[in-house]
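Q: Given next are the chains, with one letter for each unit.
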Amino acid sequence: MSYEADITETLDVKGLSCPMPVVKTKQAVDGLAGGDVLEVVATDSGSMSDIDGWADGTDGVALLDQEEREEGGESVYVHYVQVEE
Amino acid sequence: MSTETDESAESDGPELDGEEAELAALRARVDELEDQLAAVETDVDDGQKSMVIVATKGTLDMAYPPLILASTAAAFGWDVTVFHTFWGLDILHEDHSTDLQMSSVGNPNMPVPNAIASLPGMDRVTTKMMRKRIADNETASVEELLETCFDMGVEMQACQMTVELMDYDEDDFYDDVTVGVGAATALEQMADADIQLLV
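Residue numbers (UniProt numbering), protein chains in the order written: chain A, 1 to 85; chain B, 1 to 199.
Same shape as in the complex, but just chain B (with noise of 0.2 Å):
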């Protein structure tokens, strides 16, 4: 009868120590997943929402989305950057940015058909109508968005390559541009934002 109990010790033995070695075992994975878990919760938690936006028009009225939505994602206390390029370079320019231009042509909602449209002069005309618009409805200019966006810390970029192709200078832009940026410094950018939108 001993020699059973004995036995059954002995083979009890083995058994409890592979169970516990199994529960450390899963002790110390329950940790690591809490660790993580509290790494990704620090990551969602932090609140701080981003945006970025590609702005590559430089319309009159192709001018407003970007600075409407930044100046308003500011206002939610997000971070902001504006990449600009090509056209989009010319929000940021001090002499063109008070005198963007609409085009008359290319959209049919307009009141003059594009053959009217397309003759010399139309284009200031549009662009007078609608600068009238604006002041009518009291949405604010370009200018006054462009001050907003500086003054609340909206990070405006003006990219280097398209600067250098379109024969723009530096000291073109306003002050509180950053230059000196490409594609590169966008995407990074944008693949840590919340939101990317292309303008």
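In isolation and in its complexed conformation, chain A is listed as follows (with noise of 0.2 Å):
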């Protein structure tokens, strides 16, 4: 959890499945500042591949990093995305 001191917004999405992870994700950087980051906590386990493929081909947007973690018994995959200055 090394990014937990910078995370400025978290976007919970569990339960969707795609395309709704990434869509929303799209809506809410939208929202945010250059330097600001955000947290995108999924179920969808394509979310992984997903939201690394769409960090890749859009401008302005970084993925810091990515994590699968167990939280009540389900898997829970987290990103992290960073509004590029």
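No wet-lab data here; the hints were simulated from the structure. Note that the structure is a prediction, hence the values are computed from the model and not measured. A couple of the hints might just be wrong.
[As the list claims (entries may be wrong)] The calculated lysine-lysine pairs, modelled on DSS-like cross-linking and capped at a C-alpha distance of 25 Å, are:
hint: 1; chain 1: B; residue 1: K132; chain 2: B; residue 2: K57
hint: 2; chain 1: A; residue 1: K14; chain 2: A; residue 2: K24
hint: 3; chain 1: B; residue 1: K57; chain 2: A; residue 2: K14
hint: 4; chain 1: B; residue 1: K128; chain 2: B; residue 2: K57
hint: 5; chain 1: B; residue 1: K132; chain 2: A; residue 2: K24
hint: 6; chain 1: A; residue 1: K14; chain 2: B; residue 2: K49
These two chains come separately, so use the hints to put the complex back together.
A: Laid out in structure tokens, this is it:
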């Protein structure tokens, strides 16, 4: 959790499946300023590849890190997206 | 001796002029090519990708691919146009879009044989099963994806010829739908797009 201190906002997309984690991440990022870090918490395992691909193909955002962890017996996928300055 | 020198000077003269002219022509050509390269790089570097999808199907399952790809492409910041024609128009139809049906026949992967699937009422059953699966999986509904597409600026077009052919009215469609467009509009946009898909 090296980015915990830097998180500006957390987006909870648990339960949602493709394409909503990516779509909601984009909408959340649009409301942030340069340098801000968005934490995206998802349960869709496809979000690991999708958020990575989206960040790679989208100008102005950088994927800092991704991690998978267990929360209440289910796998949770966490993504840290930074809005570039 | 002096005559020879003069002769050689005279013969060098026109030769040098020729080389200078050639050099000037080459410099002009290099400048011209650099301008062309800069123009090409500007075209490539504008970074604005675009996608055009032609949506021709209006069953519940086939409404998903164009809506999912369009909303995701919009999340990438691309310019996205979906050109709806024939049964694809039902996706944009205010009443029909919330009640799209699944067909039970024609898909051998269905759990019932075609002979039974073709019985009256079976499409309703199949549609109900699919809607339950969509809800259980928390997959976005057609309405939700449509709203997302409109919110994200996806251009949703209704093909004018098929609007008339299917006996629909412009007012049957959602407010943000672009009407009065045809194949030429679609082709023009497809020619400029990075990605063109027919669903």
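Q: Broken hints, numbered, in rising order?
A: 3, 6
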